[in-house]
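Sequential numbering from 618 applies to the sequence shown in the working numbering.
No wet-lab data here; the hints were simulated from the structure.
It cannot be assumed that every hint is accurate.
What the hints assert, rightly or not - Derived DEER-like restraints, expressed as beta-carbon distance ranges: (1) Glu846 / Gly757: 20 to 28 Å; (2) Arg736 / Arg812: 38 to 46 Å; (3) Gly852 / Leu738: 37 to 45 Å; (4) Ala861 / His759: 37 to 45 Å; (5) Gln739 / Glu846: 25 to 33 Å; (6) Asp835 / Arg736: 13 to 21 Å; (7) Leu738 / Glu804: 23 to 31 Å; (8) Asp760 / Gln739: 21 to 29 Å; (9) Ala861 / Thr753: 31 to 39 Å; (10) Asp771 / Leu832: 18 to 26 Å; (11) Gln839 / Ala797: 19 to 27 Å; (12) Asp760 / Ala861: 16 to 24 Å; (13) Val811 / Gln739: 28 to 36 Å.
Unchecked claim - Quick list of in silico lysine to any residue cross-link-like pairs, SDA-like style, CA-CA up to 25 Å: (14) Lys842 / Met747; (15) Lys842 / His729; (16) Lys842 / Glu756; (17) Lys842 / Gly852.
Cβ coordinates follow ideal geometry from the N, Cα and C atoms, glycine included.
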Amino acid sequence: MVRRMDRRALVGLLSGAAGLALGATAVAVGSPLLGVVAAACALVAAAMCIVVAHRLGDHRRNTDSLRREILQLEDALLAVLNEPAEAVAAGAVRDAETGLLGEHYFELALEHRIAAARRQLQPVALLLLMLDAEGTTEEGRHDVIVAFADILRDTLRESDTVCRIGADSFAVVLEDTSEAGAVWAAERLRTALVRQRDALVRLAAGVAAYPTHALEADQVLQRAKGALESARASGSSRVEVASAD
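Let's have the full structure, built from the sequences with the hints guiding it.
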């Protein structure tokens, strides 16, 4: 393809040069015929330039498409390599009470999602959630936890990673999502919880995002934890976003 493109470019260059020379000669000797020939050469040169530019554009588009496919394959490979043998067993991955993914899987997923986002130049948001159902019985608390797990599954996207990381706490990794998108997701969850249960069950949420708040997975997690503590300190259902440095 490169050789064919080179020949087209050479033809265009020679045609343009010939047109320039013939045009100058036509002006010098006052020959209309030479002027027509010069114009024809110029048209050939322009046509060759258009063809070459079109071919280059197709080549760039094909290259971009191939690059995206390579990145997707890299992500799929990393997903397999980063998942340890113990994570293959469902009992090691799933929380028994809710059926959600567990804390160990969350740590791996956060690192993997941020590594993939770094290569693809996309944002990733981390949403930490904590339920406050004080005053409820153990049975009532179980019902709240299970109901909220269902809300998480019904409200969030399939591409989002939802994990239970503590007795009353959850984590959500949102791919290709900014902090604003994470806040919107948290508000939807909070509204759904109030509608399904009652206002006595409070939901605190902390948001941090890559690359806005931090560049490494552990740093993003710490920033989200800080935002969650601020939300809990308010004593009411609240969503807090980590402050940008």
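Verification of the supplied hints:
The hint said 20 to 28 Å for the Cβ distance between Glu846 and Gly757, and at roughly 26 Å that hint holds. Checked against the hint of 38 to 46 Å, the C-beta distance between Arg736 and Arg812 comes to roughly 39 Å, which is consistent with it. Evaluation of the 37 to 45 Å hint for Gly852 and Leu738 yields a pass: the beta carbon distance comes to about 39 Å. Taking 37 to 45 Å as the suggested C-beta distance range, the pair Ala861 and His759 conforms, at roughly 38 Å.
Distance hint for Gln739 and Glu846: a CB-CB separation of about 28 Å, consistent with the stated range 25 to 33 Å. Between Asp835 and Arg736 the beta carbons are some 19 Å apart, a value that agrees with the proposed interval 13 to 21 Å. For the hinted restraint 23 to 31 Å between Leu738 and Glu804, the CB-CB distance of approximately 27 Å keeps it satisfied. As the Cβ distance of Asp760 to Gln739 is approximately 37 Å, the hint placing it in 21 to 29 Å is violated.
A beta carbon spacing of about 37 Å between Ala861 and Thr753 agrees with the range 31 to 39 Å that was offered as a hint. For Asp771 paired with Leu832, a C-beta distance near 33 Å fails the hint of 18 to 26 Å. As the Cβ distance of Gln839 to Ala797 is approximately 21 Å, the hint placing it in 19 to 27 Å holds. Look at Asp760 against Ala861: about 38 Å separates their beta carbons, and that is not inside 16 to 24 Å.
A hinted range of 28 to 36 Å holds for the C-beta pair Val811 and Gln739, which are about 32 Å apart. The suggested pairing of Lys842 with Met747 holds, with an alpha-carbon distance near 11 Å, which does not exceed 25 Å. For the hint pairing Lys842 with His729, the CA-to-CA distance comes to about 19 Å; that is within 25 Å, so the pair holds. Using a Cα cut-off of 25 Å, the hinted pair Lys842 and Glu756 is violated, with the two alpha carbons roughly 28 Å apart.
With a CA separation close to 16 Å, the supplied pair Lys842 and Gly852 stays within the 25 Å bound.
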